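Given only the sequences and the hints, what does the whole structure look like? Please build it.
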Amino acid sequence: MMPIARGRALIAALGLAALLLPHAAARAFDVVLSTQGEYMDAYLVNGTPLPPKVVFIDPDPPNPDILGTPPRVGRHVNGKLCFFPRGKGLTGKFVVADDTYREACLDRNPPQARCSVTSRGSRFYTGKDADGWAVFKRNGKWAKRHIHTGWPGFETTPQGTDPGQPPQGNADPQGCVFDAQGNMYGNDVGSGDPSDTNPAHHGTLTVFFRGPQARYDSYCFLDKNLAQAGMPAMDDAGNIYVPETGAAKVWKYSPPFPTSAADCNSVDRLVTTPPTKTIFPTPGVTIPADIVRVPGTDHWYVDSVLFPPVINEYDANGVFVRTIAPPGTVKNPIGMAVGSDGTLYFAELNLNADFSTGCGRVSMVRFVGGMPQPPELLGKNLSFPDGVTVVDSKQLKVNWAKLPPAPEPDPRSCNGEGSPSGAFIDRSAY
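Under the working numbering, read the sequence shown as residues -3 to 426, first letter to last.
A few of these clues could be false.
Said to hold, decoys possible - Calculated cross-link-like contacts (lysine-lysine; reagent style DSBU-like; alpha-carbon spacing at most 35 Å):
hint : residue 1 : residue 2
1    : 398       : 248
2    : 89        : 137
3    : 390       : 137
4    : 245       : 398
5    : 140       : 398
6    : 84        : 245
7    : 273       : 245
8    : 390       : 84
9    : 393       : 137
10   : 248       : 273
11   : 137       : 84
12   : 393       : 124
13   : 398       : 84
Derived from the structure by calculation, the hints contain no laboratory data.
Note that the coordinates shown come from a computational prediction; the quantities given were computed from them, not determined experimentally.
Structure (structure tokens):
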């Protein structure tokens, strides 16, 4: 996705944040992080619709054509956030899918001014990393580290030049999950076109090995044949669950898993001994987009992006338990996460009649007496919101009161294709 222009910050949002944060600073509270338009927004949730929203990760300098004011972070991010496990070498740091160099320096012509910066100490430094996952510090700043699969010729592509079709592993990285050994599993979606049957354009599930110095510079593909691979999740036993949205199913991967790159010693880096792969049934969910664990249980929430859009709960065996958000109440849900109080947060694509992306939203379902309540709106007029993550405010070394308020995006440009007529503006109260 290309960077989305943002309007001016709303003074009202800043005032709301000021009202909320003085008492919140004394205790931890949930922060809902959601990626959209290459930003990562932070919703300072307070139990009410449309809470204060601030910018946690900004993608670009205010004026990308000059080396003037640097960005706070300056990374193009997508999908969800995952913390590195404690005691595995990168405690406190986290990863988010990242495609900064390609979008800022190759796809853009002319490239951004910062693309010429080679000093790693500069706040304008972008690096030349292929699409993958950026490593961030607890304060949200880029740690100048990156995790990705190989893209031959990428670093030598002239700036302002299309690098061509990304190889498998680099085609829209999105989600992440870590196992007990500290290895990271990530998905790349692959082609977003369901009619694209070229196997070289399919999505993948990849494991990056921690290694003795936690460099994550070796990897194996567990699966290279996923039609629109969704973000992975993991249960307590270490099984991995991945929606294959383009094939209308959820897969469960069980051991054996590779332990080093020696387990995929071939040109295509596909594991020699594949993991056990079985279908995780999701009756009532036709086109699964995401799967997340219900805290304190062995149950799962699974959403269907289409036919119809719905969010259901299933037990550990895929047996239907109940509907959380029925058809007609959600607009093409995708990424999900659960808060400390059990509230379910989710992104919505709000697709148009031709399946192009409309003005997306982030919403929540609260529970009263264990019963799901009607969805409530957190943010709207968003540009392809996908990943959602809930963090404890004190997990990150951030003064939330000092982050800039996230302005309401221009509803005429919030969808991926643009909507000059304004025909697809989301004007609904919910």
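Status of each hint after checking the structure:
no.	hint	in the structure
1	398 to 248	violated, 42 Å
2	89 to 137	holds, 10 Å
3	390 to 137	holds, 16 Å
4	245 to 398	violated, 43 Å
5	140 to 398	holds, 23 Å
6	84 to 245	holds, 33 Å
7	273 to 245	holds, 12 Å
8	390 to 84	holds, 20 Å
9	393 to 137	holds, 10 Å
10	248 to 273	holds, 6 Å
11	137 to 84	holds, 20 Å
12	393 to 124	holds, 27 Å
13	398 to 84	holds, 31 Å
Hints 1, 4 from the earlier list are contradicted by this structure; the remaining hints agree with it.
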